[in-house]
Amino acid sequence: LGRRARPVRLCQGCHGHYRRLLALYGTIARAVGNSSESHNCAKSILTSDRLQIVVTLSEFFNETWEAANCANCLKNNSEGLSNSTEEFLDLFNKSLTCFEHNLQGQTVYLSPNNYTEVCKNCNETYTKLNDLYNNLQRMNRQGGESGHSAHLCIDVEDAMNITRKLWSRTFNCSVPCSDTVPVIAVSSFILFLPIVFYLSSFLHSKQKKRILILPKRIQSNASLVNIQEKYS
Amino acid sequence: QLTPSSFLRIGQLSNVDLNEDIHELETELPRQRPNEIPHNEKLLSLKYESLDYDNSENQLFLEEERRINHAAFRTVEIKRWVICAMIGILTGLVACFIDIVVENLAGLKYRVVKDNIDKFTAKGGLSFSLLLWATLNASVVMVGSVIVAFIEPVAAGSGIPQIKCYLNGVKIPHVVRLKTLVIKVCGVILSVVGGLAVGKEGPMIHSGAVIAAGISQGRSTSLKRDFKIFEYFRRDTEKRDFVSAGAAAGVSAAFGAPVGGVLFSLEEGASFWNQFLTWRIFFASMISTFTLNSVLSVYHGNAWDLSSPGLINFGRFDSEKMGYTIQEIPIFIFMGVVGGILGALFNALNYWLTMFRIRYIHRPCLQVVEAMLVAAVTATVGFVMIYCSRDCQPIQGSSVAYPLQLFCADGEYNSMATAFFNTPEKSVVNLFHDPPGSYNPMTLGMFTLMYFFLACWTYGLTVSAGVFIPSLLIGAAWGRLFGISLSYLTKGSIWADPGKYALMGAAAQLGGIVRMTLSLTVIMMEATGNVTYGFPIMLVLMTAKIVGDYFVEGLYDMHIQLQSVPFLHWEAPVTSHSLTAREVMSTPVTCLRRIERVGTVVDILSDTSSNHNGFPVVESNPDTTQVAGLRGLILRSQLIVLLKHKVFVERANLSLVQRRLKLKDFRDAYPRFPPIQSIHVSQDERECMIDLSEFMNPSPYTVPQEASLPRVFKLFRALGLRHLVVVDNRNEVVGMVTRKDLARYRLGKEGLEELSLAQT
Chain P
1 LGRRARPVRL
11 CQGCHGHYRR
21 LLALYGTIAR
31 AVGNSSESHN
41 CAKSILTSDR
51 LQIVVTLSEF
61 FNETWEAANC
71 ANCLKNNSEG
81 LSNSTEEFLD
91 LFNKSLTCFE
101 HNLQGQTVYL
111 SPNNYTEVCK
121 NCNETYTKLN
131 DLYNNLQRMN
141 RQGGESGHSA
151 HLCIDVEDAM
161 NITRKLWSRT
171 FNCSVPCSDT
181 VPVIAVSSFI
191 LFLPIVFYLS
201 SFLHSKQKKR
211 ILILPKRIQS
221 NASLVNIQEK
231 YS
Chain L
1 QLTPSSFLRI
11 GQLSNVDLNE
21 DIHELETELP
31 RQRPNEIPHN
41 EKLLSLKYES
51 LDYDNSENQL
61 FLEEERRINH
71 AAFRTVEIKR
81 WVICAMIGIL
91 TGLVACFIDI
101 VVENLAGLKY
111 RVVKDNIDKF
121 TAKGGLSFSL
131 LLWATLNASV
141 VMVGSVIVAF
151 IEPVAAGSGI
161 PQIKCYLNGV
171 KIPHVVRLKT
181 LVIKVCGVIL
191 SVVGGLAVGK
201 EGPMIHSGAV
211 IAAGISQGRS
221 TSLKRDFKIF
231 EYFRRDTEKR
241 DFVSAGAAAG
251 VSAAFGAPVG
261 GVLFSLEEGA
271 SFWNQFLTWR
281 IFFASMISTF
291 TLNSVLSVYH
301 GNAWDLSSPG
311 LINFGRFDSE
321 KMGYTIQEIP
331 IFIFMGVVGG
341 ILGALFNALN
351 YWLTMFRIRY
361 IHRPCLQVVE
371 AMLVAAVTAT
381 VGFVMIYCSR
391 DCQPIQGSSV
401 AYPLQLFCAD
411 GEYNSMATAF
421 FNTPEKSVVN
431 LFHDPPGSYN
441 PMTLGMFTLM
451 YFFLACWTYG
461 LTVSAGVFIP
471 SLLIGAAWGR
481 LFGISLSYLT
491 KGSIWADPGK
501 YALMGAAAQL
511 GGIVRMTLSL
521 TVIMMEATGN
531 VTYGFPIMLV
541 LMTAKIVGDY
551 FVEGLYDMHI
561 QLQSVPFLHW
571 EAPVTSHSLT
581 AREVMSTPVT
591 CLRRIERVGT
601 VVDILSDTSS
611 NHNGFPVVES
621 NPDTTQVAGL
631 RGLILRSQLI
641 VLLKHKVFVE
651 RANLSLVQRR
661 LKLKDFRDAY
671 PRFPPIQSIH
681 VSQDERECMI
691 DLSEFMNPSP
701 YTVPQEASLP
711 RVFKLFRALG
721 LRHLVVVDNR
731 NEVVGMVTRK
741 DLARYRLGKE
751 GLEELSLAQT
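Quick mapping for you: the protein sequence lines, in order, are chains P and L.
Quick note on numbering: the first sequence equals residues 1 to 232 in the numbering used here.
Quick note on numbering: the second sequence equals residues 1 to 760 in the numbering used here.
Covered stretches of chain L (in silico footprint by chain P; criterion: 3 or more residues with CB under 8 Å from a CB of chain P, positions within the stretch not fixed):
1. 128-135
2. 367-374
3. 382-393
4. 577-591
Think of the hints as simulated: they come from the structure by calculation, not from any bench.
We treat Cβ as the ideally placed atom computed from N, Cα and C, and that holds for glycine.
Using the sequences plus the hints, can you model the full thing?
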C-alpha cells in the first residue's frame, strides 16, 4: 500500500495481494461445521486479546479497498484489470509520453510559460482521454445508483486528476472566454425590460381607487370628546 | 333616539389631524356622496364576511339532537377521526406528487440548459445560452401565472395569509374550493420549475386546508357529486375545525414537523380551541408526514428507509459534531438582531412593491407579463453571476447534480453555478452541512445579496409560491458567511463551525420575515432533529421578532392588511376601554318581526345598498307603540332556504306543504346558497306571512349598550360570532356589532386609530 500511495497505483498493484488476504481471512473467520475446534481456532487468532490487531487491520484493509472502489476497475472475478481500465491506462501513458516528448526540446533558460507546442500537439490525445473518462463516469453513474459508490476506482481518478492539473494549471491549455460583448448586450437588454414595464404601467394605468363607505353609527358628543382626548 | 342625520360621519384616517376637524364635523351637513381615495393599508373591505361558527340552536336542531341517541354520537366521533386520517393521507400524497414532479421537471430543465452551455463554451456564442435559459424560465412561468391570474386569483402567493384569515374566522371567497387546489398545485410546480426564487412549502399549507375542507363535506360542489356521507359536518363550525387539521397536516408534510403543524394551527386559531380538536389535528399531522415519508422512500428505491419526513429535510444535526457552548449564546442573539433588521428591510421593500402592484398592476395580463419578466431577470442574474465568477472548485462526491464547468479547468466546476443550479432546498442543506472551507466568501456574499433582492421582488407576484425557503436560504448564506468570518477573526478556533451559524442565520432571517415564534421554533427543532438546538433557536427567533416588530410588521400580517381583511387580533387594542358598545355598533338595525310578510322579507334581502346577513327577530305586535323585544336572530341563508321551499303560514294551513322542513334541507344548500335574485316570488305569495319562530336562533348572544369594547371583543372573538346584538335595558334592539365594527380599531403608532370601510 505504502509504495503505491503517490501516484496512486493501489488497485493495479495490490489487487492480487488483497484477493489472497480476503481468502485467508475468510478461511480463518468462517467456522466450518459445528466442531468447536475450528471455532476455538478463530477465537484464538482473532479475539483473544484487547487490541485485536488482526481484526482491526482486516477492517482497515476492507474499508480502504471499498473507499478506493477498486472493484470498479477490476474484472468481475477480480482476476485482473478490466478492458476499459486497460484502455484508459494505455491512453494515459500515451498522453504522458506525448507531454514529455514535446517538453524535451525545452531547456532551462527558455521561459517556462511557453507551452504552445505541447497544447497543439497533444490536444488530440488529451481530448480522447478526457472523453473516455467522461464516458466511464457516465456509465458508472447509470450502472449503479443505490448501493454503489459514485466514484470510479481511485487509480483511474487520480491519473485523470494529474493529467488535468498538468493540462490546465501547468500548461494552461484551457479554453479562453470569448464573447463578453454579446452576453453583456443581451443581459442589459433583459435587465432593462422591467424598468420599462414599471414606468409604463405607472404612467398609463389608471390608479386603483377605493370608494369609501360611510358607516352607520351613533356619534354623540361624548364619543367625539373621547377621541379628541386620545389624540391630544 | 336614532335620527338619520346622526349616523353619517366620514371614517377618519389616522393621518388626519382630528383636533382641527372636530369643530367642522359638528356643524357641517352630512356628506352623502362617497369619495374615492387611492388604495392604502388603512381600509377594510366589505367583501369579507365572517364564518358562521356559532351554531344556530333553533327548534329543528334541538329536534335532531333529541333524535340522535348516544350510539349515533359515538359514530359521529369515529367519523371525525376517519376524516382526519384521510386528510393526513391525502395531504401526504399531494406533497409527494409535487415533490416528484418538481424533481423531474427541474432536472430536465437544468440538463437542457447545462448541455447547451457546455456546447457553447467551447464554440463561443454563450449569449444564446442566456437567451435559452431566460426564455425557458419565462415560458414556464407564463403558464403558471396565466392559470393563477385568469382562472383563480386567490391561489396567488403562498396561501398562508388566506389560511390565517380563514382560521381567524373570515370567509375569504373561493379559498377552499377544489379549483383553487388544482391551480395551486400546478402553479407551485410551474413556479419552482420556472426558476423563480420561491419555495414549495408554503402552498402545501393551503393545499392541506383545501383537502380538509373538501373531504369533510363528503361531496364536491364543483363536480356536482354528493357521496351522501358526512352530512352532519356540513356547516361552518365543523368545516373550520377540519381546515385547522388540514393546515397542520400541510405544515407537517412540508417540513416533517407534526408538532410544529399542530402549533401553527393553534397559534392562528387560538380562541376557538378544545382538547379533542388538538388530538385529532395531531393525528392528521402524524399520518401526513408518515405517508409522505413512506411514499418517497419507495420512490427513491429504499423502501422503509423513512429518511425524508418532509419536503425539506435539514439533515442530521449531531450534538457531538456540532455542539454549541454558552459563550455562543450572545453571538446567536446578535444574529437574531441582524435577522430582525434584515427581515424588516425585506418586509418594507415588499410593502412598497405590493402597494405599487395593487394600485397600478391590477389587470391580469399585466400581472402575467410582470411574472414573465421576473423569471427572465432571475435567469439573467444567475447567468451573469456564473459568467463573471472565476471561483472554481472541485466537487466533492455527488453533492451537485448538474455541475457546470464553464471556464474552469477540467475536473473543476464553477461554484457559483452550484449555488444557482441546485434547487433551493438542496442549497440550504449544503450550507448547513458542508465542511468548513467549501465556500468562497466572495461568491457566497454576492449570491446572498442578489438572492435577497430577487426574493423580495418575487414575493407578491401572481404565481403560487412560498417564501419560507428563500428566507432560509438567504439566512443560511449570511449565517455561514458570519461563521466563516468568525473563525477567520479568531484565527481558526475549532468551535466556529460555519454550519451551525448557517442554521442560526436561517432561523433569524425566517423569524425576521414571518415573525412566527412558537410554531416556527418547534418546526425548526423538529426539522433539525435535535432538541438541544431548541433553546438557541427560540432565543434567535424571539430576538428577531422583537427587533423586527419595532420597525415593520410580519410579511403575512402586512399582506393581510394590504388586502383590507377585517382580521381580529388576539385581544382588543389596549387603550380602548373608553369605547362602549354604543359607539362601536352599527345602527339602525334592520329587524324582522316574528311573523313577517314575505314581501317585506324579499325586499329587505334584495336591498343592494346594505348587504346584511343577520337580522334580529323582534316580537310582532300589531300595536306599534308597545315595546318590541328581541326574540331571536335569523340568517340570510336560512331565509333564502325558507323562501325557496315556500314555507309560508298560509300554505301550511292549506296542507300544501308535503313535508316539514328539516335541518337536512339547510345543510344541503350549504355552502353555496342561491342569491336572492334567483328566488322567484309571485305577487300573491308576497302577501303571505312567514313564521320565523321555528327557524330562528332563539338565544342569540347580546350585550348591553354600556359594555366596553374589550368586553365585546372578547365575547365576539372567543365564541367565533358573526353577529352580536346590542340591546338596551328593555331588551330592545339598538344596534348590531359585526366583525367590521370591531376590526376597525387598531393600535397604531400614535395610539388608537380607526380604519375606514371601502368597496373593493
